[in-house]
Amino acid sequence: MKSIHMACDHAGIELKETLRAHLEKMGYTVTDHGTHSKESCDYPVFAHALCHAVEAEGVPGILICGTGIGMSIAANRHKGIRAALCTTELHARFTRLHNNANVLCLGARVTGVELALAIVDTFLSTGFEGGRHQRRIDLLNA
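Throughout the sequence shown, residue numbering follows my numbering, covering 5 to 146 in sequence.
Incorrect hints may appear among the rest.
With a cut-off of at most 25 Å between alpha-carbon atoms, the simulated SDA-like pairs for lysine to any residue come out as follows [said to hold, decoys possible]:
| hint | residue 1 | residue 2 |
| --- | --- | --- |
| 1 | K83 | D46 |
| 2 | K42 | L119 |
| 3 | K6 | T33 |
| 4 | K6 | R136 |
| 5 | K83 | S7 |
| 6 | K6 | V34 |
| 7 | K42 | T22 |
| 8 | K83 | A60 |
| 9 | K83 | V63 |
| 10 | K83 | D36 |
| 11 | K6 | D125 |
| 12 | K6 | E28 |
| 13 | K6 | M30 |
| 14 | K29 | T126 |
| 15 | K6 | A57 |
| 16 | K29 | G135 |
| 17 | K6 | N103 |
| 18 | K29 | G62 |
| 19 | K83 | G135 |
| 20 | K6 | V117 |
| 21 | K29 | D46 |
| 22 | K6 | L101 |
Simulated restraints on C-beta separations [what the hints assert, rightly or not]:
| hint | residue 1 | residue 2 | range |
| --- | --- | --- | --- |
| 23 | K29 | R136 | 13 to 23 Å |
| 24 | T22 | L143 | 30 to 40 Å |
| 25 | A146 | K29 | 35 to 45 Å |
Keep in mind that the hints were calculated from the coordinates and are not lab data. For clarity, every value in this text was computed on a predicted model and none was experimentally measured. For every residue, glycine included, the Cβ atom is placed at its ideal position computed from N, Cα and C.
With the hints as extra help, turn the sequences into a complete structure.
Structure (structure tokens):
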């Protein structure tokens with residue numbers, strides 16, 4: 005069974021639920037780190053919870069806020085996380101191929117549902133090329 009972690013702030017809750025249903029239909033076990041309400045909340049709380057889980061388990065994660073920017077900033081403060089804000093399928097493809105990103109960040113207010121679904125599918129179906137790209141990731145971790 006494939007596993008994935010998800011979290012969002014109040015702006016991303018509807019998109020998170022749509023993506024969650026899509027992922028479960030694809031056979032993923034989804035661990036939801038919140039939020040579960042449209043009440044205003046602090047996105048770093050949810051980003052940090054997801055990132056700790058991704059680091060511990062070595063499975064991917066998806067973070068969603070209004071623009072995806074805040075979640076991306078919060079996630080990339082974790083040493084073992086390579087979070088990428090993707091607004092196109094091309095971004096999703098290359099962030100996996102070249103950066104081996106393990107957290108996908110999406111903006112619910114700027115990315116439509118159909119595009120978000122396509123970005124998620126591309127992110128999860130694309131592998132890491134390794135080679136010279138691994139050397140660059142090693143430099144990031146140094």
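So, going through the hints one by one against the coordinates:
1. With a C-alpha separation of about 21 Å, the suggested pair K83 and D46 falls inside the 25 Å cut-off, and the hint holds.
2. At most 25 Å may separate the alpha-carbon atoms for a hinted pair to count; K42 and L119 meet this at roughly 22 Å.
3. Among the hinted pairs, K6 with T33 is consistent with the structure: their alpha-carbon atoms are about 6 Å apart, no more than 25 Å.
4. About 28 Å separates the Cα atoms of K6 and R136, which puts this hinted pair outside 25 Å; it is violated.
5. A threshold of 25 Å between alpha carbons decides the hint, and for K83 with S7 the separation of about 21 Å falls inside it, so the pair holds.
6. Taken as a hint, the K6 and V34 pair is honoured in the structure, with Cα atoms around 9 Å apart against an allowance of 25 Å.
7. Between K42 and T22, the direct Cα distance comes to roughly 15 Å. Compliance with the 25 Å bound is thereby established for this hinted pair.
8. Restraint check for K83 and A60: the C-alpha separation of about 12 Å stays at or below 25 Å, so the hint holds.
9. At roughly 15 Å between alpha-carbon atoms, K83 and V63 fall within 25 Å of each other, so this suggested pair holds.
10. Taken as a hint, the K83 and D36 pair is honoured in the structure, with Cα atoms around 22 Å apart against an allowance of 25 Å.
11. Note on K6 and D125: the hinted pairing holds, with a Cα-Cα distance of about 14 Å set against a maximum of 25 Å.
12. For the given pair, K6 sits about 10 Å from E28 by alpha-carbon distance, which is consistent with the 25 Å threshold.
13. Taking the CA atoms of K6 and M30, the gap is near 9 Å; set against the 25 Å cutoff, the hint holds.
14. For the hint pairing K29 with T126, the CA-to-CA distance comes to about 16 Å; that is within 25 Å, so the pair holds.
15. At most 25 Å may separate the alpha-carbon atoms for a hinted pair to count; K6 and A57 meet this at roughly 15 Å.
16. A threshold of 25 Å between alpha carbons decides the hint, and for K29 with G135 the separation of about 34 Å lies outside it, so the pair is violated.
17. A threshold of 25 Å between alpha carbons decides the hint, and for K6 with N103 the separation of about 21 Å falls inside it, so the pair holds.
18. The hinted pair formed by K29 and G62 meets the criterion: a straight-line CA distance of about 22 Å does not exceed 25 Å.
19. In summary, the hint linking K83 to G135 is supported, as the alpha carbons are separated by about 21 Å, within the 25 Å threshold.
20. With a CA separation close to 22 Å, the supplied pair K6 and V117 stays within the 25 Å bound.
21. Proximity of K29 to D46 is assessed by CA-CA distance (about 29 Å); at most 25 Å being required, the pair is judged violated.
22. About 20 Å separates the Cα atoms of K6 and L101, which keeps this hinted pair within 25 Å; it holds.
23. Between K29 and R136 the beta carbon distance is about 36 Å. The supplied range of 13 to 23 Å is therefore violated.
24. In this structure, T22 and L143 meet the distance hint of 30 to 40 Å, their C-beta atoms being roughly 37 Å apart.
25. In this structure the hint that A146 and K29 lie 35 to 45 Å apart at CB holds, the actual value being about 40 Å.
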